[in-house]
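A.B. asks: Sequence:
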Amino acid sequence: MPRIGYLLSDKKEKKFNLEKLAVRLREKDIELIKIDLNYSLEDQGPFDIIIHKITDVLSRADEGSEKDQLYANNFKNFIRNHPECTLVDPLENVCRLLNRYEQYLQVQKLELSSNGIEVFVPTFVELKSNVIEENKCKLKAANMEFPFVCKPQVAQGEILSHEMAIIFNEEGLKDVRPPCVAQSFITHNAVLYKVFVVGDEQFICERPSLKNLTAGDDKTIFFNTNDVSTPDATHFLNEMDEKELSSRHVKPNFTKLKDLGNQLRSHLKLGLFGIDVIIECGTNRYAIIDINIFPGYKGIDSFYDSFERYIIQLLKEKETDQNMERKRCQTVAEGCALSNVCKKPKIQEVAEEEFDSILCTSENDKVREKNQTKATAENGSNVDMYRETKGLSYLSGTNGSLCEQNGHCIENGNNNNNKAIFINSNNLNSLNSPLVSLNDDNNNINSSSSNSSNNNILCNTISGEGLNNLKGGNIPTVNGLT
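Each step along the sequence shown adds one to the number in full-length UniProt numbering, with nothing skipped, and position 409 is 409.
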């Protein structure tokens with residue numbers, strides 16, 4: 001039975017009524033499990049998918065909370081150790097949207113459009129101090145005009161992220177609360193459109209918003225977005241003037257808004273998010289003023305159906321990926337069995353004369369590879385190199401490499417079926433001993449340790465017959481070194 005873990009605040013869990021969703025999923029043989037960061041995730045797993053809204057934890061961790069830093073690190077380590085677990089949504093994609101200023105920069109660079117309609121991010125400036133003159137210079141440099149909206153730098157999760165202010169004049173600059181983002185106020189006839197995304201499905205909701213405002217002598221207005229943009233909001237900031245009611249623009253093309261949701265889903269690589277869009281009076285341009293990770297989906301009656309479909313879709317995609325990987329591995333294995341050609345060992349560092357390859361062949365498929373590359377042996381003389389392999393399965397050192405430093409196969413000269421390895425043993429992590437079939441010219445084996453003064457070891461002869469595995473351990477000194 002697939003196991004879906006979820007990591008949400010108690011408030012959000014209750015809002016989504018996940019007990020109801022758990023019953024629905026159980027009928028489809030899918031288990032929904034609550035994750036508790038106070039306990040080991042290893043003990044609570046395994047999980048096929050984890051759905052989370054950990055933005056609160058990540059934000060508090062960034063602000064220095066040791067408890068949340070521990071939670072965040074434990075969660076990140078679990079995900080890092082379990083790449084087979086699908087995370088909705090990936091932490092790296094979520095983190096790019098935690099900072100409102102970085103979020104706006106990212107969306108601005110996309111240069112979005114929706115079927116010919118221009119999409120833009122209203123002018124924005126990052127304010128890091130409450131020094132009025134400094135902020136005046138930044139606003140002027142960005143051609144920012146009054147009024148503008150001051151928004152907290154933290155864009156996700158925290159209550160603080162919803163606390164905003166409208167500043168109408170220079171005197172109001174004393175009300176700036178850094179760190180924050182100042183964004184031009186766009187008149188939009190007090191209507192906000194929320195584009196909710198659940199996988200490849202989009203939903204559009206119309207919400208109340210800020211009425212049309214202009215620069216003037218008004219004092220700064222502080223407000224919480226939850227008070228002015230909920231479906232049943234009745235805030236004074238929502239009340240349009242009588243003379244402006246007749247100028248309300250037509251509703252947007254919902255198909256174009258959904259197209260915008262699709263574009264952002266593709267660019268941001270997210271599956272559960274919302275976009276706040278307003279339509280500029282006069283130009284009818286679409287302005288993106290916020291992006292929310294795993295929003296509340298309030299007003300979407302079919303959310304459970306869509307969410308359930310999304311989970312099942314993710315499980316099917318996961319199963320398809322696993323089947324493709326199994327087939328790929330099977331194809332590779334069959335190919336190796338037919339040709340008996342093995343993957344060449346990974347070499348972390350090679351000499352100036354690059355070690356091109358070590359070929360593995362069967363007894364009936366003898367391969368001779370001549371390489372005119374020169375290698376300098378211990379005595380400084382040049383040795384013409386060529387390699388002839390016979391019955392050699394593979395050579396490997398630490399982490400699957402031939403050796404940690406430089407390695408070359410060279411010919412012994414007395415027997416073309418024999419191999420030798422010229423190894424620069426500087427910083428060598430060592431090869432396993434005893435070595436199999438390490439023979440000198442007299443076919444004697446000597447497994448005493450190397451005492452080479454210049455850290456170069458020249459193995460005179462290594463028989464390739466039946467040599468299957470050469471791994472890390474202590475290197476023996478071989479008789480007959482030149």
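Treat the hints loosely; a few may be bogus.
No farther apart than 25 Å at their CA atoms in a straight line, the calculated lysine to any residue pairs in the SDA-like style are these [claimed, not checked]:
| hint | residue 1 | residue 2 |
| --- | --- | --- |
| 1 | K11 | D89 |
| 2 | K11 | M164 |
| 3 | K34 | Y304 |
Rather than coming from a laboratory, the hints here were simulated on the basis of the structure.
A.B. asks: Determine which of the earlier numbered hints do not hold for this structure and return their numbers in increasing order.
C.D. replies: Going through the list in order, the structure violates no hint and respects every one.
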